[in-house]
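Peer 1: Chain order of the listed sequences is X and D. Using the working numbering, the final residue of the first sequence is 199, and nothing's skipped along the way. Using the working numbering, the final residue of the second sequence is 199, and nothing's skipped along the way.
Since the hints were made in silico from the structure, they are not lab data. It is possible that part of the hints are untrue.
Where chains are identical, the list cannot tell them apart; a pair therefore holds if satisfied intra-copy or between any two copies.
Said to hold, decoys possible - Using 30 Å as the maximum straight-line C-alpha spacing, the simulated DSS-like pairs for lysine-lysine come out as follows:
1) K143 / K29
2) K2 / K115
3) K143 / K80
4) K115 / K80
5) K80 / K29
Note that the coordinates shown come from a computational prediction; the quantities given were computed from them, not determined experimentally.
Here's the letter readout for the chains.
There are 2 protein chains.
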Amino acid sequence: MKRLYDMDLSGNCYKVRLLLGFLDLAYEKLPVDLTRGDNRTSSFLALNPRGEVPVLIDNDTVIWDSSAILVYLATNAADKRWYPDDALIRARIVQWMAVAGHEIQYGLAAARAVKLFGRTGDLPQLQEIGRRALALLDEQLHKTHWLAGTDPTIADIACYPYVRCAEDGGISLAPYTNIQHWFERLEALPGYRPMADTA
Amino acid sequence: MKRLYDMDLSGNCYKVRLLLGFLDLAYEKLPVDLTRGDNRTSSFLALNPRGEVPVLIDNDTVIWDSSAILVYLATNAADKRWYPDDALIRARIVQWMAVAGHEIQYGLAAARAVKLFGRTGDLPQLQEIGRRALALLDEQLHKTHWLAGTDPTIADIACYPYVRCAEDGGISLAPYTNIQHWFERLEALPGYRPMADTA
Chain X
1 MKRLYDMDLS GNCYKVRLLL GFLDLAYEKL PVDLTRGDNR TSSFLALNPR
51 GEVPVLIDND TVIWDSSAIL VYLATNAADK RWYPDDALIR ARIVQWMAVA
101 GHEIQYGLAA ARAVKLFGRT GDLPQLQEIG RRALALLDEQ LHKTHWLAGT
151 DPTIADIACY PYVRCAEDGG ISLAPYTNIQ HWFERLEALP GYRPMADTA
Chain D
1 MKRLYDMDLS GNCYKVRLLL GFLDLAYEKL PVDLTRGDNR TSSFLALNPR
51 GEVPVLIDND TVIWDSSAIL VYLATNAADK RWYPDDALIR ARIVQWMAVA
101 GHEIQYGLAA ARAVKLFGRT GDLPQLQEIG RRALALLDEQ LHKTHWLAGT
151 DPTIADIACY PYVRCAEDGG ISLAPYTNIQ HWFERLEALP GYRPMADTA
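Work out the full structure, taking the sequences as your base and the hints as a guide.
Peer 2: Given below as structure tokens:
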């Protein structure tokens, strides 16, 4: 039995919901209300000392951090294509997961948090970091259909949510045509569901 | 033939030098002088569009991002213990690599960059984020000898450099006794070399 500590509007939670959908795995959602401080209770901090969502509970196993959950689910999946057992493809996946954790998180996601949730931050600077992320992805997606090469992997899943909602942070996606075609490919995969439908 | 675009004082480069040492792999170092803008030349940006060190060249394969290089080298190694083929251990490794990329990078490494390289930043805030990283690690290392469990992995390598030089950023390591014992264990492994010796 899988349970996911989740917040509807969190792109990091959506990464996990996306992969669970692609793998057609059933799970129970446990909503965490950050505005109410659900993530600062001692019982939640015992699960994740970072006090963040998502957290996956798989029977008795507790995993926090969206990248770690993606690697865990994809390694356990019968369908190996999401995290193949090849050193170079894995390196490419980790490379793009690092971009998801740095430029995308501290640029696109942070700009969105300022505009959508009133978080404090230097919006133009965050948007600039976000555009750097978009340029990196667009350049790669000019060369390959998917971030790590010829097939979709958890790298695509890790990058997609905050890129898809970049405009929430006031960043236009219009200049990035390769990214737009990548959206179309990803959204055509069996099991795909838009963010609002998984919430 | 392995070549590493490297900067002596970079903890992210030291992660790669550490693993190359543990795996007893020969490599050539190509020093990159950031103060001279070596990382902003078009030839360097063609290797790594992010404009950062480290970059590993393994014959014709180019890999940027320290986490990606660690996963690549450890997956290719004969000795599988650095990145074992087990979903849960891998998830734990990725979890701690995420802490290395977030709290450690944006806390400990950033505070060090302010104090050592005169980078701009809110030092007390960076130190506070850094202490959060140290508390996370110390709590884990109270429970297990290594970050991902009973054996050393690339999670330990990813976290060690900027934790080891936390005091460069004005953060005392004295309260973290579990971290200090972990230093001793890691520094006793065959192939270990301190940062200055690999520079």
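Peer 1: A separate judgement is required for each hint: does it hold in the structure or not?
Peer 2: Evaluated hints:
In the homo-oligomer, the alpha carbons of K143 and K29 lie at most 30 Å apart only across protomers (29 Å), although the nearest pairing inside one protomer, at 37 Å, exceeds that limit. In this assembly of identical chains, the alpha carbons of K2 and K115 never lie at most 30 Å apart, being 33 Å within a copy and 45 Å across copies at closest. Taking the shortest alpha-carbon separations for K143 and K80, only the intra-copy value of 23 Å comes in at or below 30 Å, while the best inter-copy value is 32 Å. Taking CA atoms no more than 30 Å apart as the test, K115 paired with K80 passes in neither setting, with 38 Å inside one copy and 45 Å between copies.
Only within a single protomer do K80 and K29 lie at most 30 Å apart by alpha-carbon distance; the minimum there is 25 Å, versus 35 Å between protomers.
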